[in-house]
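Protein chains: 2
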Amino acid sequence: MSVDSAMTEAAGATAAAAAASDRERADWLRTVADALDANAVDLVTLADEETQLGETRLFGEVTRTTSQLRLFAEVVTEGSYIEAVIDHARPEATPPLPDLRRLLRPLGPVAVFAASNFPFAFSVAGGDTASALAVGCPVVVKTHPAHPELSRRTAAIVERALQGAGAPSGVFGTVEGFDSGPALVQHRATTAVAFTGSTAGGRALFDLAVGRPDPIPFYGELGSINPVVIFPAADEARGAELADGLVASMSLGAGQFCTKPGVVFVPRDSNTETAIDVEATAPPMLTPAIRAAFDRGVDELLATPGVDLIAGGRGGPLVLAADTATVIANPLLLRTEVFGAVTLLVRYDDTSLTGALECMEASLTATVHAESADDVRDIVTKLERLAGRVLFDGWPTGVAVTWSQHHGGPWPATTSQFTSVGATAVRRFLRPIAYQSAPEELLPPALQEHNPLGIPRRVDGVLEPATAGEVRS
Amino acid sequence: MSVDSAMTEAAGATAAAAAASDRERADWLRTVADALDANAVDLVTLADEETQLGETRLFGEVTRTTSQLRLFAEVVTEGSYIEAVIDHARPEATPPLPDLRRLLRPLGPVAVFAASNFPFAFSVAGGDTASALAVGCPVVVKTHPAHPELSRRTAAIVERALQGAGAPSGVFGTVEGFDSGPALVQHRATTAVAFTGSTAGGRALFDLAVGRPDPIPFYGELGSINPVVIFPAADEARGAELADGLVASMSLGAGQFCTKPGVVFVPRDSNTETAIDVEATAPPMLTPAIRAAFDRGVDELLATPGVDLIAGGRGGPLVLAADTATVIANPLLLRTEVFGAVTLLVRYDDTSLTGALECMEASLTATVHAESADDVRDIVTKLERLAGRVLFDGWPTGVAVTWSQHHGGPWPATTSQFTSVGATAVRRFLRPIAYQSAPEELLPPALQEHNPLGIPRRVDGVLEPATAGEVRS
Numbered sequence: 001m002s003v004d005s006a007m008t009e010a011a012g013a014t015a016a017a018a019a020a021s022d023r024e025r026a027d028w029l030r031t032v033a034d035a036l037d038a039n040a041v042d043l044v045t046l047a048d049e050e051t052q053l054g055e056t057r058l059f060g061e062v063t064r065t066t067s068q069l070r071l072f073a074e075v076v077t078e079g080s081y082i083e084a085v086i087d088h089a090r091p092e093a094t095p096p097l098p099d100l101r102r103l104l105r106p107l108g109p110v111a112v113f114a115a116s117n118f119p120f121a122f123s124v125a126g127g128d129t130a131s132a133l134a135v136g137c138p139v140v141v142k143t144h145p146a147h148p149e150l151s152r153r154t155a156a157i158v159e160r161a162l163q164g165a166g167a168p169s170g171v172f173g174t175v176e177g178f179d180s181g182p183a184l185v186q187h188r189a190t191t192a193v194a195f196t197g198s199t200a201g202g203r204a205l206f207d208l209a210v211g212r213p214d215p216i217p218f219y220g221e222l223g224s225i226n227p228v229v230i231f232p233a234a235d236e237a238r239g240a241e242l243a244d245g246l247v248a249s250m251s252l253g254a255g256q257f258c259t260k261p262g263v264v265f266v267p268r269d270s271n272t273e274t275a276i277d278v279e280a281t282a283p284p285m286l287t288p289a290i291r292a293a294f295d296r297g298v299d300e301l302l303a304t305p306g307v308d309l310i311a312g313g314r315g316g317p318l319v320l321a322a323d324t325a326t327v328i329a330n331p332l333l334l335r336t337e338v339f340g341a342v343t344l345l346v347r348y349d350d351t352s353l354t355g356a357l358e359c360m361e362a363s364l365t366a367t368v369h370a371e372s373a374d375d376v377r378d379i380v381t382k383l384e385r386l387a388g389r390v391l392f393d394g395w396p397t398g399v400a401v402t403w404s405q406h407h408g409g410p411w412p413a414t415t416s417q418f419t420s421v422g423a424t425a426v427r428r429f430l431r432p433i434a435y436q437s438a439p440e441e442l443l444p445p446a447l448q449e450h451n452p453l454g455i456p457r458r459v460d461g462v463l464e465p466a467t468a469g470e471v472r473s
Numbered sequence: 001m002s003v004d005s006a007m008t009e010a011a012g013a014t015a016a017a018a019a020a021s022d023r024e025r026a027d028w029l030r031t032v033a034d035a036l037d038a039n040a041v042d043l044v045t046l047a048d049e050e051t052q053l054g055e056t057r058l059f060g061e062v063t064r065t066t067s068q069l070r071l072f073a074e075v076v077t078e079g080s081y082i083e084a085v086i087d088h089a090r091p092e093a094t095p096p097l098p099d100l101r102r103l104l105r106p107l108g109p110v111a112v113f114a115a116s117n118f119p120f121a122f123s124v125a126g127g128d129t130a131s132a133l134a135v136g137c138p139v140v141v142k143t144h145p146a147h148p149e150l151s152r153r154t155a156a157i158v159e160r161a162l163q164g165a166g167a168p169s170g171v172f173g174t175v176e177g178f179d180s181g182p183a184l185v186q187h188r189a190t191t192a193v194a195f196t197g198s199t200a201g202g203r204a205l206f207d208l209a210v211g212r213p214d215p216i217p218f219y220g221e222l223g224s225i226n227p228v229v230i231f232p233a234a235d236e237a238r239g240a241e242l243a244d245g246l247v248a249s250m251s252l253g254a255g256q257f258c259t260k261p262g263v264v265f266v267p268r269d270s271n272t273e274t275a276i277d278v279e280a281t282a283p284p285m286l287t288p289a290i291r292a293a294f295d296r297g298v299d300e301l302l303a304t305p306g307v308d309l310i311a312g313g314r315g316g317p318l319v320l321a322a323d324t325a326t327v328i329a330n331p332l333l334l335r336t337e338v339f340g341a342v343t344l345l346v347r348y349d350d351t352s353l354t355g356a357l358e359c360m361e362a363s364l365t366a367t368v369h370a371e372s373a374d375d376v377r378d379i380v381t382k383l384e385r386l387a388g389r390v391l392f393d394g395w396p397t398g399v400a401v402t403w404s405q406h407h408g409g410p411w412p413a414t415t416s417q418f419t420s421v422g423a424t425a426v427r428r429f430l431r432p433i434a435y436q437s438a439p440e441e442l443l444p445p446a447l448q449e450h451n452p453l454g455i456p457r458r459v460d461g462v463l464e465p466a467t468a469g470e471v472r473s
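From first to last, the protein sequence lines are chains A and B.
Using the working numbering, read the first sequence as starting at 1 and increasing by one per residue.
Using the working numbering, read the second sequence as starting at 1 and increasing by one per residue.
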């Protein structure tokens, strides 16, 4: 379908999608989740052919994707997300205050750009699609060419499920092809863009979104280095375990994770470094272009004086190492994401860790491995400035889909405060409206005096919890 | 002070401002509010000399400004704003879920651009400054040249109050001069921009903010037409009252309000139009440039065939009128804000109102005057798309400072979902951080298990109300 046809259909569905109740939209999402689960075997077979990510990982990703759809269904029926606020009139105040009631409403059609590396969770039926549909925004997905048949199969399942659940026609569509990307961002009906991909690609689309005569929000998840700091006592207590954990995390899915640990700070002469053991298998990668970019990136790292190969081989996985003096002299080593199974150990001494961290740009995650004997507070404070998620004694490649998750960070990790993972993903596609002195019959149910939806609301400054509400279809 | 000096000082205060407790920051704001109130007579005298807005209006604006500072103090001590979310570990889940806790943290130094037309409420100590300081972001204000001495006097009072309240040195500063604007937006330490002003000026600074190597959020409040629709039964029942209300609203403060009603749809042969009575007084305006722009804008309106002067005179206030056919043929009449005391009546019949509304761009407000006999629902739905605040049977020029207020709208009214008025103004200057498996002693108080601050939190998916908490300084 052409961009203009898809977006015109989406625009045509906007009023009906916004008018659907939260329960109705939750039902759409649960129906899509059920349909994906029911087709999981077929979908995973196809996905494995196109991505070679392996069936175990892909079945897990289907589960994560359908959990995500169900979480957003829960988020909108719980109702806090709509941020209902009521201030009753205060005619006796100076100046007199009118009755004023506020909530969030859907923006309109959203353009979603699928990623290559999560063919389910960040693709056609991923977090961006789920969170936009959840709040009543039609979606047009630009599918990723790394899994074209899977994208088509998934889209067909999503469309049929939405239709079966009574969603308005045109509320979901897909487009294909490189040129459809810019056209989608610049289409007059597009009200927001959600993107997961490279910094270069994301920046180009971001520039188009903000360069429109009517700029629209661009929610991008771009590059990420994901620094890890291993403290001396942790290294001493469990260096071998840390080495194994690191190798497993950096080589998972051929290292094709936005949360892959790319730079690992280890004490000089660390047990961790000594215990690193990698068998180079040159694992298949998602596309020839991604493989070529990985090989180029590895070659550039290996060509940098002071960077040594300590385990694995050129095709990956491989572990490199350098001293802090080397990375401070070549700060691009700390800022250049090489997408794939490579990581760089940076050997620090007591004084050089801070200086190296100051050369870094922001990431999605930052990780600390420490024992109680380690003095971590100052470094944690620095890492909070560098990342949107700070992990202790784990590895960043798992991203739990929960109310509390945040998968973002300052530029260049993401282009906005809120992203596609976690309950607040829905807020990206909403805008506030305040109603002043509105007659009760013209107010949306969420703002009617007797709270028919039973949702949490702030009334005259006081947060009131959910109530039973009335039964509503 | 130079932009670089001011921003360097702000950057130096970032860690201390972020580390201050909510109660401490609330105390800063209340101290500033008290100091402004204590100096209100002097400040209003100076403001009236520089703006000629009149003492009554200016005393009211000081009260609004200090109420706003106190509201943001209340917002941060109430604590919901920090969006604390806790999901306890679920090792039994598939996959196992780690302990994950999320909250919002300050972005860093904020550049604030003062407006000409609210020398207190949208200037040095206005909503942008208050909401940024409230959440621990240092502020550098680019003062407005329309009230230079008042800006200096206000800044001195704010600085002394902050110092007296124990705020870190450098947390607040000002810069002057046209060239300091772009420099402020492009300074490496600036993490967000808040702007109130013209669409042209705002767009130029927006382009700089998003064009940085590291784009930063630009929160702009730009142009607004503020359509009003008077329905037939309301016109018949109280045309004279509506005429008086309109003239009072559009001429208030010489029409120099971002919420001035600029286009008013009236039934053909309306009582409202007949009752319009305006005495042209050519009221003083804020600056010679604003007066010149007003005169140019009025001349252009009067030169358009089909636009008639029905009351008042060229220097203002004045009321013009045209038929819907005229404005549909010249849609710029519906899209061009003329800042000052002029408004355009647009005479509609049963079928032409919808077509004219479809020519409009978004505004901060949209207003309906109706009686129960009027069928308003479809038009209200259209107005919801065109504005961030929909008013019934009032006039848009008053903006209550409350939890529920929203002062924004789709482009070109504002450049973002959240703006400087209302409790969510603070969210513009915050970003999420999630802590995974963090030791209790490294968690911020808001996320510690026993909830020492007593703030509302979402725990394992359930919103928990505020508790007594512990006494904290």
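What the hints contain is simulated information worked out from the structure, not anything from laboratory work.
The C-beta atom is built at its ideal place from N, Cα and C for all residues, glycine as well.
Some clues are possibly wrong.
Taking lysine to aspartate or glutamate and the EDC-like style, the derived pairs with C-alpha atoms no more than 20 Å apart in a straight line are [what the hints assert, rightly or not]:
hint, chain 1, residue 1, chain 2, residue 2
1, A, K382, A, D393
2, A, K382, B, D349
3, B, K382, B, E371
4, B, K382, B, E361
5, B, K382, B, D393
6, B, K382, A, D214
7, A, K382, A, E358
8, A, K382, A, D349
9, B, K382, B, D350
10, B, K382, B, E358
11, A, K382, B, E92
12, A, K382, A, E371
13, B, K382, A, E440
14, A, K382, A, E361
15, A, K382, B, E358
16, A, K382, A, D350
17, B, K382, A, E441
18, B, K382, B, D349
Part of the chain A face toward chain B, derived, beta carbon under 8 Å [said to hold, decoys possible]:
hint, residue
19, P95
20, G408
21, I433
22, G461
Sample of chain A residues with no beta-carbon within 12 Å of chain B, all distances over it, derived [unchecked claim]:
hint, residue
23, V41
24, A155
25, I157
Hint-by-hint comparison with the structure:
With a CA separation close to 17 Å, the supplied pair A:K382 and A:D393 stays within the 20 Å bound. Straight-line distance between C-alpha atoms of A:K382 and B:D349 comes to about 64 Å, which puts the hinted pair past the 20 Å bound. Taking the CA atoms of B:K382 and B:E371, the gap is about 18 Å. The hint holds against a cut of 20 Å. Our distance criterion of 20 Å between C-alpha atoms is met by B:K382 and B:E361, whose separation comes to about 12 Å.
Restraint check: the Cα-Cα separation between B:K382 and B:D393 comes to about 17 Å, which is no more than 20 Å; the hinted pair holds. Pair hint B:K382 plus A:D214 holds up; C-alpha atoms about 19 Å apart against a cutoff of 20 Å. Proximity of A:K382 to A:E358 is assessed by CA-CA distance (about 8 Å); at most 20 Å being required, the pair is judged to hold. Proximity of A:K382 to A:D349 is assessed by CA-CA distance (about 17 Å); at most 20 Å being required, the pair is judged to hold.
Using a Cα cut-off of 20 Å, the hinted pair B:K382 and B:D350 holds, with the two alpha carbons roughly 16 Å apart. Between B:K382 and B:E358 the CA atoms are separated by roughly 8 Å; this keeps the pair inside 20 Å, and the hint holds. Between A:K382 and B:E92 the CA atoms are separated by roughly 33 Å; this puts the pair beyond 20 Å, and the hint is violated. The suggested pairing of A:K382 with A:E371 holds, with an alpha-carbon distance near 18 Å, which does not exceed 20 Å.
Straight-line distance between C-alpha atoms of B:K382 and A:E440 comes to about 18 Å, which keeps the hinted pair within the 20 Å bound. In summary, the hint linking A:K382 to A:E361 is supported, as the alpha carbons are separated by about 12 Å, within the 20 Å threshold. Taking the CA atoms of A:K382 and B:E358, the gap is near 51 Å; set against the 20 Å cutoff, the hint is violated. Among the hinted pairs, A:K382 with A:D350 is consistent with the structure: their alpha-carbon atoms are about 16 Å apart, no more than 20 Å.
Restraint check for B:K382 and A:E441: the C-alpha separation of about 17 Å stays at or below 20 Å, so the hint holds. Distance restraint check for B:K382 and B:D349: the Cα-Cα separation of roughly 17 Å lies within the 20 Å cut-off, and the hinted pair is therefore satisfied. Taken as an interface hint, A:P95 checks out: its beta carbon lies about 7 Å from the nearest beta carbon of chain B, inside 8 Å. Against a cut-off of 8 Å between C-beta atoms, the interface hint on A:G408 holds, since the closest Cβ of chain B lies about 7 Å away.
Of the supplied interface hints, the one on A:I433 holds, with its beta-carbon coming within about 6 Å of a beta-carbon of chain B, less than 8 Å. Against a cut-off of 8 Å between C-beta atoms, the interface hint on A:G461 holds, since the closest Cβ of chain B lies about 6 Å away. The claim that A:V41 lies off the interface holds: its Cβ sits roughly 18 Å from the closest Cβ of chain B, which is beyond the 12 Å cut-off. Against chain B, the non-interface label of A:A155 holds: every CB pair exceeds 12 Å, the least being about 27 Å.
Under the 12 Å C-beta cut-off, the non-interface status given to A:I157 relative to chain B holds; the minimum distance is some 23 Å.
Checked against the numbered hints listed earlier, the structure breaks hints 2, 11 and 15; every other hint is satisfied.
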